[in-house]
Amino acid sequence: MAFVYNPPTDPWLDIMYYDNDIVVVNKPSGLLSVPGRELHHRDSVTSRLMRVLPSTVVVHRLDMDTSGIMLFALTKAAQSHISRQFQQRTTSKSYLARVLGKPSSHNGSVELPLICDWPNRPLQKVCYVDGKPSLTHWEVLESDQLSSLIKLTPITGRSHQLRVHMQQIDHPILGDRFYGKPDAVGMSDRLQLHAHRLSIIHPGTDEPITFEAACPF
629 MAFVYNPPTD
639 PWLDIMYYDN
649 DIVVVNKPSG
659 LLSVPGRELH
669 HRDSVTSRLM
679 RVLPSTVVVH
689 RLDMDTSGIM
699 LFALTKAAQS
709 HISRQFQQRT
719 TSKSYLARVL
729 GKPSSHNGSV
739 ELPLICDWPN
749 RPLQKVCYVD
759 GKPSLTHWEV
769 LESDQLSSLI
779 KLTPITGRSH
789 QLRVHMQQID
799 HPILGDRFYG
809 KPDAVGMSDR
819 LQLHAHRLSI
829 IHPGTDEPIT
839 FEAACPF
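For the sequence shown, the numbering used here gives the first residue as 629, with consecutive numbering after it.
Relax, there's no trap hidden among the hints.
Dumping the calculated DSS-like pairs for lysine-lysine here, alpha-carbon to alpha-carbon at most 30 Å: (1) Lys809 with Lys779; (2) Lys809 with Lys753; (3) Lys760 with Lys730; (4) Lys704 with Lys760.
Computed beta-carbon distance windows for the label pairs: (5) Thr838 with Gly658: 23 to 29 Å; (6) Thr838 with Thr637: 27 to 33 Å; (7) Thr718 with Ser771: 28 to 34 Å; (8) Ile837 with Gln715: 16 to 22 Å; (9) Ser733 with Arg670: 40 to 46 Å.
No lab work stands behind these hints: they were computed from the structure.
All C-beta atoms in this analysis are idealised placements derived from N, C-alpha and C, irrespective of residue type, glycine included.
Please build the complete structure, drawing on both the sequences and the hints.
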């Protein structure tokens with residue numbers, strides 16, 4: 629079935645926090661982070677935000693199917709400050725995901741080299757020759773007979789990293805149409821991956837600040 633972009637509109641824009649330097653949005657699943665190339669893919673968190681805050685500058689992204697915290701800069705100085713934190717991995721972020729099955733241990737790490745699977749882009753794949761290092765720590769929060777709620781802490785920020793890592797340990801994220809097993813895809817009408825928590829050094833005050841968005845699943 630061909631992909632049809634039908635982004636959610638209620639709420640149109642969920643602004644959690646803003647000041648002179650930054651704005652934080654709770655992005656819904658199904659909405660692009662930035663405008664796509666096609667005209668019918670122009671609607672995004674960024675384009676919506678720029679209607680009310682025209683100086684908005686992107687500093688990081690979430691997959692379209694992932695919900696949760698997105699941070700934007702409102703000045704060039706703030707953008708440089710925050711981008712440097714992401715590059716130097718001094719930010720702290722965690723995600724919540726509901727995955728298929730129950731891992732055999734309470735926690736663990738996945739460390740694999742990832743690269744774009746060009747014939748099948750935007751999919752990513754493990755490649756020990758040309759892949760870039762990626763590392764995710766995970767911890768089981770609760771489990772039932774079919775699935776588990778897991779806290780994911782990415783140390784690197786590769787495209788689709790969390791989705792591929794969960795697939796690679798045989799616990800794909802529910803609703804993952806790219807990497808999920810048929811059972812996992814059918815158990816949810818959305819990707820059950822949520823950017824739950826983000827901590828940065830505020831670019832205007834140089835003080836730590838943390839944002840949390842409640843998990844919607």
